[in-house]
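The listed protein sequences derive, respectively, from chains V and R. For the first sequence, this note's numbering assigns the number 723 to the initial residue and increments by one for each residue that follows. For the second sequence, this note's numbering assigns the number 481 to the initial residue and increments by one for each residue that follows.
Heads up, some of the hints might be wrong.
In silico SDA-like pairs for lysine to any residue, Cα to Cα no more than 25 angstroms straight-line [unchecked claim]:
(1) R/Lys555 <-> R/Thr583
(2) V/Lys735 <-> R/Glu864
(3) R/Lys545 <-> R/Gly602
(4) R/Lys853 <-> V/Leu804
(5) R/Lys867 <-> V/Asn817
(6) V/Lys791 <-> R/Val892
(7) R/Lys867 <-> V/Asp799
(8) R/Lys867 <-> V/Ser781
(9) R/Lys812 <-> R/Arg785
(10) R/Lys681 <-> R/Gly602
(11) V/Lys774 <-> V/Asn788
(12) R/Lys867 <-> V/Thr790
(13) R/Lys706 <-> V/Asn788
(14) V/Lys791 <-> R/Pro858
(15) R/Lys867 <-> V/Leu757
(16) R/Lys853 <-> V/Ile765
(17) R/Lys867 <-> V/Thr734
(18) R/Lys867 <-> V/Ser754
(19) R/Lys853 <-> V/Asp759
(20) V/Lys774 <-> R/Pro858
(21) V/Lys791 <-> R/Glu893
(22) V/Lys791 <-> R/Glu832
(23) R/Lys867 <-> V/Glu732
(24) R/Lys867 <-> V/Leu755
(25) R/Lys890 <-> V/Val833
(26) V/Lys791 <-> R/Pro831
(27) R/Lys701 <-> R/Gln877
(28) V/Lys774 <-> R/Asn857
(29) R/Lys867 <-> V/Val833
(30) V/Lys791 <-> R/Asn857
(31) R/Lys890 <-> V/Ser740
(32) R/Lys680 <-> R/Asn708
(33) V/Lys774 <-> R/Leu677
(34) R/Lys867 <-> V/Gly847
(35) V/Lys791 <-> R/Pro894
Which residues of chain V face chain R? A partial, calculated answer using Cβ under 10 angstroms [said to hold, decoys possible]:
(36) Gln726
(37) Thr728
(38) Val729
(39) Glu732
(40) Lys735
Just so you know, the hints here were simulated from the structure itself, not pulled from any lab data. Yeah, the Cβ is synthetic: ideal placement off N, Cα and C, and Gly gets one too.
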Amino acid sequence: MIDQLTVFLENTKGRLTSLCRALGDVNIQMHSLALADTTDYGIARIICDDPKGAVAAISEAGFTANLTKVVAVEVPDVPGGLADVLDALDGADVNIEYSYCFADADNGATVAFKVDQSAIAALEGAGFKVLHPEDLYKTAQ
Amino acid sequence: MAYQDEITHMERSELEALQLERMKETLVNCYENIEFYKQSFDEAGFDPYAVESLEDLQMAPFTTKQDMRDAYPYKLFAVPREDVKEIHMSSGTTGVATVSGYTDADIKSWGDCFARGIGYAGGGVDDVVHVCYGYGLFTGGLGAHYGGLAVGAETIPMSAGNTKRQIKVLQSMGSSILCCTPSYAMHIADTAIEMGLDPKKDFTLKAGIHGAEAFSDQFRKNLEEKLNYKVYDVYGLTEVMGPGVAMECDEQDGLHVAEDHFLVEVLDPETHEPVPDGEWGELVITTLTKEASPVVRYRTRDITRIMPGECACGRTHRRIARLHGRTDDMFKVRGVQVFPSQIENVCAAFPEIADWYQIELTREGGLDIATLKIEINPEFPIDEIRKIEELQRRMQQALKDELAVSINIKIVEPHTIQRSEGKAVRIVDLRDEEEK
Ligand SMILES: [Zn+2]
Numbered sequence: 723m724i725d726q727l728t729v730f731l732e733n734t735k736g737r738l739t740s741l742c743r744a745l746g747d748v749n750i751q752m753h754s755l756a757l758a759d760t761t762d763y764g765i766a767r768i769i770c771d772d773p774k775g776a777v778a779a780i781s782e783a784g785f786t787a788n789l790t791k792v793v794a795v796e797v798p799d800v801p802g803g804l805a806d807v808l809d810a811l812d813g814a815d816v817n818i819e820y821s822y823c824f825a826d827a828d829n830g831a832t833v834a835f836k837v838d839q840s841a842i843a844a845l846e847g848a849g850f851k852v853l854h855p856e857d858l859y860k861t862a863q
Numbered sequence: 481m482a483y484q485d486e487i488t489h490m491e492r493s494e495l496e497a498l499q500l501e502r503m504k505e506t507l508v509n510c511y512e513n514i515e516f517y518k519q520s521f522d523e524a525g526f527d528p529y530a531v532e533s534l535e536d537l538q539m540a541p542f543t544t545k546q547d548m549r550d551a552y553p554y555k556l557f558a559v560p561r562e563d564v565k566e567i568h569m570s571s572g573t574t575g576v577a578t579v580s581g582y583t584d585a586d587i588k589s590w591g592d593c594f595a596r597g598i599g600y601a602g603g604g605v606d607d608v609v610h611v612c613y614g615y616g617l618f619t620g621g622l623g624a625h626y627g628g629l630a631v632g633a634e635t636i637p638m639s640a641g642n643t644k645r646q647i648k649v650l651q652s653m654g655s656s657i658l659c660c661t662p663s664y665a666m667h668i669a670d671t672a673i674e675m676g677l678d679p680k681k682d683f684t685l686k687a688g689i690h691g692a693e694a695f696s697d698q699f700r701k702n703l704e705e706k707l708n709y710k711v712y713d714v715y716g717l718t719e720v721m722g723p724g725v726a727m728e729c730d731e732q733d734g735l736h737v738a739e740d741h742f743l744v745e746v747l748d749p750e751t752h753e754p755v756p757d758g759e760w761g762e763l764v765i766t767t768l769t770k771e772a773s774p775v776v777r778y779r780t781r782d783i784t785r786i787m788p789g790e791c792a793c794g795r796t797h798r799r800i801a802r803l804h805g806r807t808d809d810m811f812k813v814r815g816v817q818v819f820p821s822q823i824e825n826v827c828a829a830f831p832e833i834a835d836w837y838q839i840e841l842t843r844e845g846g847l848d849i850a851t852l853k854i855e856i857n858p859e860f861p862i863d864e865i866r867k868i869e870e871l872q873r874r875m876q877q878a879l880k881d882e883l884a885v886s887i888n889i890k891i892v893e894p895h896t897i898q899r900s901e902g903k904a905v906r907i908v909d910l911r912d913e914e915e916k
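Construct the entire structure; sequences and hints are all you get.
Structure below.
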């Protein structure tokens, strides 16, 4: 599974900028950013190239942050590609808490799922490519 | 033998005889030497020369905080100015401070009172008393300092602030008894942990004497866990003396009042009639030995109760319960009386949130809105909004069960609630004055 960097953000001006700046300052590159919003706060879900380093750096900078395990899978670049992935998960009775898309290094479409571990076998069994940490991180974590 | 054991274990009958003798002297002294008391006793028809029992005190008029403000600066002093050796003032948030004076004997009594508390905490000549209450007009620093000296301990006058230096001294000087506000003790502990230290191993504390703020039993447990020591509550107020008026013993079940120096009553805050032992009310204090600025029936606005029965530790001085808040700090939300300690107790039952919180009071459309700001612990699975909302709902329900009024929960980032180096700002009231 992949480590997603999760950050709690108050809905105040410039807070997202500060977060991105804090990551940039320690030379961490984001592959994706997905925001889940409420009126008072937001949750930033981030795939980056050094999740452990990111948690340390931004906690130091005063953010509430942690790591969450997610499964990232490449989606075939054809009509109905995502539907096929979801079929595989439904077929194995995997419950999806949330998901979001991002582009991987080869510009292929990738989807991150908050699911339990069993999803990996279901996806690989159906022939999909599940990403491993080494596919995304710049150094071994 | 702990410090002044012979006084703290005095027979009740002997102690009460001593109190009566000292109370009579105090009342006459106030009447003869302080114009304010001459007037107020005369107006109330109270004859200080006719007093025959401790109960007769109930006929004497009260002294209020406003009376003390009106007397600024020296009008409540009973001795010639050359006998006054030290002055303390309470912070006058409303503009005018209240002043307390000390003769040499007053400073000695003060040190004795605090030193007893150090003794209650198992401290003595072999200890290093690390004082990081603020020094200055605030009585915390010097009160603890005089206590440390009286008990014969090595006393380090750190004062508050410069937390990294506090930590360095705690690591290297063998500090064994920490004297500061409970919130500052927590701040020191958290800062040390953030710096990568383990205060359990890297510090050598055995006791903390923490007062000037109310704190919950859970907050105490968290502190004791983090610093691997035992926390003792202490009570005092500038208008009467400073910390040491009452101090907690090893039983952690109420604070022993220094009854040879102070006479305490607990009264119904509205009718001003005494409540039976065990019932909550406003603490009212009469000094028995204070020379420079004695006070008669000072209404502290602190809410407590006399703990009925004897303490398991064997000391005979009566105990007051740990403070239940101040009549000033109580606030009303839509007509319902709320004590900050009640909110703290609820917060403490939620390990998902950090130890810091703040209550913000606002008014919208004629309705009071109370918002509790909390920080979420980073270990909590913050990635799912559903779980955060569920936590908010559970806290809201718990608060409603405890307070019988709805409180909004707002989760904030760590920098939003200011960490304190003195007193914690727990309540921010943004309502207009006339609306409270
Ligand atoms: Zn006791």
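Structure-based check of all given hints:
For the proposed pair R/Lys555 and R/Thr583, the alpha carbon gap of about 16 angstroms is at most 25 angstroms, so the pair holds. For the given pair, V/Lys735 sits about 23 angstroms from R/Glu864 by alpha-carbon distance, which is consistent with the 25 angstroms threshold. Among the hinted pairs, R/Lys545 with R/Gly602 is inconsistent with the structure: their alpha-carbon atoms are about 35 angstroms apart, more than 25 angstroms. For the hint linking R/Lys853 to V/Leu804, the alpha-carbon distance of about 41 angstroms lies beyond 25 angstroms, and the restraint is violated.
Our distance criterion of 25 angstroms between C-alpha atoms is met by R/Lys867 and V/Asn817, whose separation comes to about 16 angstroms. Taking the CA atoms of V/Lys791 and R/Val892, the gap is about 24 angstroms. The hint holds against a cut of 25 angstroms. With a CA separation close to 34 angstroms, the supplied pair R/Lys867 and V/Asp799 exceeds the 25 angstroms bound. With a CA separation close to 21 angstroms, the supplied pair R/Lys867 and V/Ser781 stays within the 25 angstroms bound.
Taken as a hint, the R/Lys812 and R/Arg785 pair is honoured in the structure, with Cα atoms around 22 angstroms apart against an allowance of 25 angstroms. Restraint check: the Cα-Cα separation between R/Lys681 and R/Gly602 comes to about 20 angstroms, which is no more than 25 angstroms; the hinted pair holds. Note on V/Lys774 and V/Asn788: the hinted pairing holds, with a Cα-Cα distance of about 9 angstroms set against a maximum of 25 angstroms. For the given pair, R/Lys867 sits about 14 angstroms from V/Thr790 by alpha-carbon distance, which is consistent with the 25 angstroms threshold.
Only pairs whose Cα atoms come within 25 angstroms are accepted, and R/Lys706 paired with V/Asn788 is accepted, the gap being roughly 22 angstroms. Distance check on the hinted pair: V/Lys791 and R/Pro858 sit about 15 angstroms apart at the alpha-carbon level, within 25 angstroms; holds. Under the criterion of a C-alpha separation no larger than 25 angstroms, the hint pairing R/Lys867 with V/Leu757 is consistent with the structure, at around 16 angstroms. Proposed proximity of R/Lys853 and V/Ile765 is supported: the alpha carbons are some 17 angstroms apart, at most 25 angstroms.
Of the pairs offered as hints, the one joining R/Lys867 and V/Thr734 holds, with about 22 angstroms between alpha carbons and a cut-off of 25 angstroms not exceeded. A C-alpha spacing of about 23 angstroms is found between R/Lys867 and V/Ser754, which places the hinted pair at or below 25 angstroms, so the restraint holds. Between R/Lys853 and V/Asp759, the direct Cα distance comes to roughly 18 angstroms. Compliance with the 25 angstroms bound is thereby established for this hinted pair. With a C-alpha separation of about 14 angstroms, the suggested pairing of V/Lys774 with R/Pro858 holds against the 25 angstroms cut-off.
This hinted pair checks out: V/Lys791 and R/Glu893 have alpha carbons roughly 22 angstroms apart, not beyond 25 angstroms. This hinted pair checks out: V/Lys791 and R/Glu832 have alpha carbons roughly 20 angstroms apart, not beyond 25 angstroms. Taken as a hint, the R/Lys867 and V/Glu732 pair is honoured in the structure, with Cα atoms around 17 angstroms apart against an allowance of 25 angstroms. Note on R/Lys867 and V/Leu755: the hinted pairing holds, with a Cα-Cα distance of about 20 angstroms set against a maximum of 25 angstroms.
For the hint pairing R/Lys890 with V/Val833, the CA-to-CA distance comes to about 32 angstroms; that exceeds 25 angstroms, so the pair is violated. Between V/Lys791 and R/Pro831 the CA atoms are separated by roughly 22 angstroms; this keeps the pair inside 25 angstroms, and the hint holds. This hinted pair checks out: R/Lys701 and R/Gln877 have alpha carbons roughly 24 angstroms apart, not beyond 25 angstroms. Between V/Lys774 and R/Asn857, the direct Cα distance comes to roughly 18 angstroms. Compliance with the 25 angstroms bound is thereby established for this hinted pair.
For the hint pairing R/Lys867 with V/Val833, the CA-to-CA distance comes to about 22 angstroms; that is within 25 angstroms, so the pair holds. The hinted pair formed by V/Lys791 and R/Asn857 meets the criterion: a straight-line CA distance of about 18 angstroms does not exceed 25 angstroms. Restraint check for R/Lys890 and V/Ser740: satisfied, since their Cα atoms lie roughly 21 angstroms apart, inside the 25 angstroms limit. Simply put, R/Lys680 and R/Asn708 have alpha-carbon atoms about 5 angstroms apart, close enough for the 25 angstroms limit, and the pair holds.
A threshold of 25 angstroms between alpha carbons decides the hint, and for V/Lys774 with R/Leu677 the separation of about 21 angstroms falls inside it, so the pair holds. Note on R/Lys867 and V/Gly847: the hinted pairing is violated, with a Cα-Cα distance of about 31 angstroms set against a maximum of 25 angstroms. As the CA atoms of V/Lys791 and R/Pro894 are separated by approximately 24 angstroms, the hinted pair is consistent with the 25 angstroms bound. Annotation: interface hint on V/Gln726 holds; nearest CB of chain R at approximately 7 angstroms, less than 10 angstroms.
Hint status for V/Thr728: holds, given a least beta-carbon distance of 4 angstroms to chain R, under 10 angstroms. Hint status for V/Val729: holds, given a least beta-carbon distance of 8 angstroms to chain R, under 10 angstroms. At a threshold of 10 angstroms, the smallest CB-CB gap from V/Glu732 to chain R is about 5 angstroms, leaving the interface hint in force. Annotation: V/Lys735 was flagged as interfacial toward chain R, and the flag is violated, the nearest CB pair being 13 angstroms apart, outside 10 angstroms.
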